[in-house]
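*Asks:* Spelled out from the first residue to the last, the chains are:
2 protein chains.
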Amino acid sequence: MSSVLSGNLGRVLCIITGASRGFGRTVAREMSVLVKPGSVLVLTARSGNELRTLQTELTESEAGMAGLRVETVVADMAQMEGLQNVVRTSEEAFGEGIDHLMLINNAASLGDVSRCVTSFTNMAEVDSYLSLNVSSSLCLTARVLQAFPQRPGLRRTVVNVTSLCALQPFRSWVLYCTGKAAREMMFKVLAEEEPDIRVLNYSPGPLDTAMQVEARTNTADPSIRKSFVDMFDQGQLLTCEASCAKLMKLLLEDNYTSGAHIDVYDV
Amino acid sequence: MSSVLSGNLGRVLCIITGASRGFGRTVAREMSVLVKPGSVLVLTARSGNELRTLQTELTESEAGMAGLRVETVVADMAQMEGLQNVVRTSEEAFGEGIDHLMLINNAASLGDVSRCVTSFTNMAEVDSYLSLNVSSSLCLTARVLQAFPQRPGLRRTVVNVTSLCALQPFRSWVLYCTGKAAREMMFKVLAEEEPDIRVLNYSPGPLDTAMQVEARTNTADPSIRKSFVDMFDQGQLLTCEASCAKLMKLLLEDNYTSGAHIDVYDV
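Keeping their order, the protein sequence lines are chains A and B.
The first sequence begins at -5 in the numbering used here and counts up one residue at a time.
The second sequence begins at -5 in the numbering used here and counts up one residue at a time.
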């Protein structure tokens, strides 16, 4: 897909959360071929094995041979220590020639979609969901931007992987919708506050990933569940590669409105 | 204000959070004159003194004399025990003739508006804000709706006191905007899931309350802060009474779209 894209993103330090599989892994792969030699990918996820497999793949790829550095941080983004490790690794990896800092806030969980709003009586469950999906994203972004402040010659781009669920309510998806709405608003505030930072809320569309399997298997509401099954049956799910190519197009062209919600189908 | 409104809300059990002052206290007062004798108000807040003063006022009012019952629960909505106490008190107070269950999710905090997104590096601070402003509201609503399930002859209405900040980002208001966006989405999902429940996201406008004092004193962004100062200086802040009258009009007419965001200026 990326072969049709022209240009490059510069000599980049790019942090990608949730990079071990699904959309995050594809972003890491596509990014690797769109950055200049001397760039660094900092990949983080909870699963160490998958992350190291990806690291090996990218290090042995053409980009890796040409001088792309790939760092991995096995970390739980719901823990302060996890965020600190990502930032420390990024600081250590930041070399002289880096001219573009990128942070791809991709990590997210679906939450329990097998239940409806009236079943969420346990605050600890909701707190934990919001901590992983909202607080960690805010605090990681804040830490990364503090660690790499505005300076001449450094572009800064922050991507939030959002969803139609940030805009539209779906039955039995209360945690996911609430978390995505919260997170998107957070990045809109960031865009307002920091005009020098490019902020993109990218909605990748219905992807053929493990999360979609969970969605069409567990969604409590029968008609919502059926719509997921139908999308799958009718081949309407997007591959991570197809959606990621649109994200890369947006990042390369770099003329989106900072803070805007941009859907894959609008690119 | 309420004298211009006609009709009544029925024989109500109405739970109001954050009832000790500001908009919540006004809602309690206005509600007291729009419900039938035999109704119950369950008022909750962290501050016991103000809550008891309000209880005395309402109990000694004309409505109180005519048979309005006023219960108070001094509770921290960020604690599970607080939610449980509110539900238990409501269950005990629910009498035979009650035909309308109402829950007014009003309690909220502004968060620290003296800082920008990049300063929010501490997950515990963000977690705690989201717990009080999002999780507690979801879990209280779930518990109340479980305690008072759908049955013939019982109307159920859930109000979320929302804000323009749920729709629009404001510099230095990241916690508030994020929390309000999250909460509003949550109630939109509820409205989708439970067509028999009337769900209203009511945005009361810029109110002349302690929260506004905090906003115009502490807001970090100079132009946003100035806009609050200007609104105050130019007499553009609304009284709680004026805004609450619009809310009561919406509740009495009862023809809003369930789940919709309705702004005071649109009523």
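What the hints contain is simulated information worked out from the structure, not anything from laboratory work.
Where hints are given, some of them may not hold.
Intra- or inter-copy, both count: the list cannot distinguish identical chains.
[Stated by the list, open to error] Below 25 Å or equal to it, Euclidean Cα-Cα: the simulated SDA-like pairs (lysine to any residue) are:
(1) 30 to 151
(2) 220 to 231
(3) 240 to 78
(4) 220 to 199
(5) 220 to 189
(6) 220 to 190
(7) 220 to 56
(8) 220 to 188
(9) 243 to 254
(10) 243 to 28
(11) 240 to 255
(12) 220 to 82
(13) 240 to 143
(14) 220 to 40
(15) 30 to 161
(16) 30 to 85
Given the structure is predicted, the values throughout are model-derived calculations rather than measurements.
*Asks:* Please go over all the hints and tell whether each is borne out by the structure.
*Replies:* Hints and how they fare:
1. 30 to 151: For residue 30 and residue 151, the Cα distance is within 25 Å only inside one copy (16 Å; across copies 57 Å).
2. 220 to 231: Within one copy, since 14 Å is at most 25 Å while 48 Å is not.
3. 240 to 78: Answer is neither: 31 Å inside a copy and 48 Å across each miss the 25 Å cutoff.
4. 220 to 199: Result: close within a single copy only, 17 Å intra versus 40 Å inter.
5. 220 to 189: Answer is between: at 20 Å across copies they meet the 25 Å cutoff, but 42 Å inside does not.
6. 220 to 190: Answer is between: at 23 Å across copies they meet the 25 Å cutoff, but 44 Å inside does not.
7. 220 to 56: neither (42 Å within a copy, 54 Å between copies)
8. 220 to 188: Cα proximity of residue 220 and residue 188: across copies only (19 Å, versus 42 Å in one copy).
9. 243 to 254: Within one copy only: 15 Å inside a chain, 35 Å across chains, cut-off 25 Å.
10. 243 to 28: This pair counts as within: shortest intra-copy Cα distance 10 Å, inter-copy 57 Å.
11. 240 to 255: Classified as within: same-chain Cα gap 14 Å, cross-chain 32 Å, threshold 25 Å.
12. 220 to 82: neither (45 Å within a copy, 38 Å between copies)
13. 240 to 143: Answer is neither: 28 Å inside a copy and 46 Å across each miss the 25 Å cutoff.
14. 220 to 40: neither (31 Å within a copy, 45 Å between copies)
15. 30 to 161: neither (35 Å within a copy, 39 Å between copies)
16. 30 to 85: Only inside one copy: residue 30 and residue 85 sit 19 Å apart there, 65 Å across copies, limit 25 Å.
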